[in-house]
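Colleague: Chain residues, written in single-letter form:
Number of protein chains: 2
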Amino acid sequence: MQIKYLAKIFVTLRTSVLDPAGVAVQSGLKQTGYDNVEQVRIGKYIELTITAPDEMKARRDLNQICDQMLSNPVIENYRFDLIEVESQTGVF
Amino acid sequence: MQIKYLAKIFVTLRTSVLDPAGVAVQSGLKQTGYDNVEQVRIGKYIELTITAPDEMKARRDLNQICDQMLSNPVIENYRFDLIEVESQTGVF
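For the record, the sequence lines run as chains A and B. Its first residue numbered 776, the first sequence is counted upward by one per residue in our numbering. Its first residue numbered 776, the second sequence is counted upward by one per residue in our numbering.
No lab work stands behind these hints, which were simulated from the structure alone. On a predicted model such as this, the values are computed, not experimentally measured, just so you know. Since no wrong hints were added, every one of them can be taken at face value.
Identical copies carry no separate label here, and so any pair may be met within one copy or between two of them.
The list that follows gives simulated cross-link-like pairs (lysine to aspartate or glutamate, EDC-like), each with its CA atoms no further than 20 Å apart:
| no. | residue 1 | residue 2 |
| --- | --- | --- |
| 1 | Lys779 | Glu859 |
| 2 | Lys819 | Asp794 |
| 3 | Lys779 | Glu813 |
| 4 | Lys832 | Asp856 |
| 5 | Lys783 | Glu830 |
| 6 | Lys819 | Asp842 |
| 7 | Lys779 | Asp810 |
| 8 | Lys779 | Glu830 |
| 9 | Lys805 | Asp842 |
| 10 | Lys783 | Asp810 |
| 11 | Lys783 | Glu822 |
| 12 | Lys783 | Asp836 |
| 13 | Lys805 | Glu822 |
| 14 | Lys832 | Glu813 |
| 15 | Lys779 | Asp829 |
| 16 | Lys819 | Asp856 |
| 17 | Lys832 | Glu861 |
| 18 | Lys832 | Glu822 |
| 19 | Lys783 | Glu851 |
| 20 | Lys805 | Asp836 |
| 21 | Lys783 | Glu813 |
| 22 | Lys819 | Glu851 |
| 23 | Lys783 | Asp794 |
| 24 | Lys783 | Asp856 |
| 25 | Lys832 | Asp810 |
Using the sequences provided together with the hints, build the complete structure.
Modeller: In structure tokens form, the structure reads like this:
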């Protein structure tokens with residue numbers, strides 16, 4: 776059996792790393808009157824579907840995918856939520 | 776009284792809009808053996824703190840900020856979660 780999961784992946788800068796884009800957005804907001812906004816941090820949000828026989832395999836693949844392709848482990852953290860969307864029984 | 780909220784903002788491409796970066800990631804994953812991944816969509820995830828007298832004002836400001844600065848309403852949708860992190864009573 777193969778199960779299809781929807782993965783919602785968050786890639787964020789480590790707190791020790793400066794975020795120039797976030798600083799620029801905050802500065803722009805301040806200039807347009809939003810001086811009540813602080814600590815802007817900009818990251819990535821990725822959605823994908825992944826098919827695997829079980830959740831453990833899906834999580835293992837996703838950890839490798841995030842480490843190798845979706846994040847830069849030197850400066851970024853990631854986390855993801857998995858939602859089962861479909862089960863398929865068939866001949867594989 | 777002023778309340779500080781943490782906003783978690785998701786900016787995603789509208790489903791009708793092609794995502795070339797997502798297609799490139801999916802193609803790269805396939806070439807490295809992950810042919811079980813599909814429908815990759817890459818968006819932005821933004822965290823910020825906003826101070827406001829109540830949640831309604833915070834949400835109104837955030838809607839304007841997202842419309843004007845954080846998203847392109849022609850091709851992107853946004854949504855956000857608000858979490859109260861701190862209440863301050865003081866002289867303003």
